[in-house]
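Okay, here's what each chain looks like letter by letter:
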Amino acid sequence: MNENDKILINAYLDGESSTEDSKYIEALLDSNKEANGYANAIKRANTEINTFFNSKDIKEIETNISLFTKNLMLGDSKSNFLKSLGKFFTPQSFVGYVFSASVVYFLMLPVNDSTIKAGFFPNDFTNFNNEINSYYFEKYRGAEDLGDSIKVNLMKSINSMIESKTRSSIMNYGDESYFIKFEDLSVDKESLFCLNGYILNNGISTKFLFCKSLTDETITYIN
Amino acid sequence: MSNFESMLFSDSLKMKMINLAMSKTFNKFDAEDLVQQTYLKALERQNQFKGNNIDPWVITILKNLFIDSIRKKKEDLLGEDTPELSSEDESSAVLLERDKDKCLKGLSEKEREIIALKQTNSYVEIAEDLNIKTGTLRQMFSRAKEKFMQCMGFFDE
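Heads up: the protein sequence lines correspond to chains A and B, in order.
The opening residue of the first sequence carries number 1 in our numbering; numbering runs sequentially from there.
The opening residue of the second sequence carries number 1 in our numbering; numbering runs sequentially from there.
The set of hints was computed from the structure by calculation and includes no laboratory data.
Yeah, the Cβ is synthetic: ideal placement off N, Cα and C, and Gly gets one too.
Treat the hints with care, as some may be off.
Stated by the list, open to error - Just some of the chain B residues that point at chain A, by a computed CB distance under 7 Å:
(1) F26
(2) K28
(3) A31
(4) E32
(5) V35
(6) L107
(7) S108
(8) Q119
(9) Y123
(10) Q139
As the list claims (entries may be wrong) - Anything over 10 Å on all C-beta distances counts as not near chain B; from chain A, calculated:
(11) K33
(12) I58
(13) T69
(14) V152
(15) M155
Turn these sequences into a full structure, and let the hints steer you where they fit.
Pasting the structure below:
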């Protein structure tokens, strides 16, 4: 058995050899003990490799990615979420958000200080699981404060995600659905924590910073 | 749905991405993140895509995002102690899984890519996705499997 035979045996077992090559390999496997042993080892290797790519983990990823892509595909290209953000970012409110963002920024500055230990965040973020929870909120007719309603429901969803230690969720609000994903716990101090993440709606991703203190909670859209 | 989206959201591409991501990260959380980030990046850059076959373009995005994440992790780990793995109470099944992971990790990036893609694709399709000749691919497969078999000790028994 030479190197070319090994290549041909491998291709044969992968179902990738021509009729002529298949005949040659079948004859070789019948007559050559070494080639037969080699083919058996390849079969074992294929089984091990297939087990790796058909594991429970892969199935879980597939389920979660299917939910994720479903959310990306929903609706037309124009995002209602972005439209509602337009209402959220009125000139009057903008000054307030800038102020909130400044407060958050200054609170975030000492985050790399290794002396900060006890955090306000209730769980260990590194142990959050990748299951995707779904939350449903009714959208009432005539609601004009769409941006605020989304914001309130987003915060409810985010709080539920923290409670259930889940990194991702889908929030359904009326006919719209929003994929929410935490990326990082960027601040965790004695009386405040902030989580970075993004919200996906109709294929458009919007980054957010959610901060919660003993007395208040805010969500700031970054892009 | 546009033609771009039909191609991007096909089941076959989804499985390719998942298998590739898993073969690179060996961790379901990181693999899922990598696939999600790839979809977002592909949508963001859809104007840059030219051609009829989206798979090689998306695979390149995934590979680049993975390289970026490794770079970032290396930077984050600078100066930190690497934790040691505990070897207590490990069943033979766990050890076998660890061996398999170790042996797959022992392959080159390219070898792992072709093995991951073979789960859902033919040699011809893989050659097209990775822009290599079919003959070269057959050789690479053979070498990769042999390396894996040696690492797993299949020739020692």
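Now the hints, each set against the structure:
The closest approach between the C-beta of F26(B) and any C-beta of chain A is roughly 9 Å, which is over the 7 Å cut-off, so the hint fails. Below 7 Å, beta-carbon pairs count as interface contacts, and K28(B) has one with chain A at about 4 Å; its hint therefore holds. Below 7 Å, beta-carbon pairs count as interface contacts, and A31(B) has one with chain A at about 6 Å; its hint therefore holds. Restraint check, E32(B) versus chain A: the minimum CB separation of about 5 Å is within 7 Å; hint holds.
Against a cut-off of 7 Å between C-beta atoms, the interface hint on V35(B) holds, since the closest Cβ of chain A lies about 5 Å away. Of the supplied interface hints, the one on L107(B) is violated, with its beta-carbon coming no nearer than about 10 Å to a beta-carbon of chain A, more than 7 Å. At its closest, the beta carbon of S108(B) sits 15 Å from a beta carbon of chain A; the interface hint therefore is violated under the 7 Å criterion. Because the smallest distance between the Cβ of Q119(B) and any Cβ of chain A comes to about 5 Å, under 7 Å, the interface hint for this residue holds.
Annotation: Y123(B) was flagged as interfacial toward chain A, and the flag holds, the nearest CB pair being 5 Å apart, inside 7 Å. A least Cβ separation of about 6 Å between Q139(B) and chain A falls short of the 7 Å threshold, and the interface hint therefore holds. Once the 10 Å rule is applied to beta carbons, K33(A) is consistent with being away from chain B; the minimum gap is 14 Å. Some Cβ of chain B comes within 10 Å of the Cβ of I58(A); the nearest lies about 6 Å off, and the non-interface call is violated.
Under the 10 Å C-beta cut-off, the non-interface status given to T69(A) relative to chain B is violated; the minimum distance is some 5 Å. For V152(A), the requirement that its beta carbon stay farther than 10 Å from each beta carbon of chain B is met, with the minimum near 26 Å. Consistency note on M155(A): stated as away from chain B, and its beta-carbon is indeed over 10 Å from all of that chain's, at 22 Å minimum.
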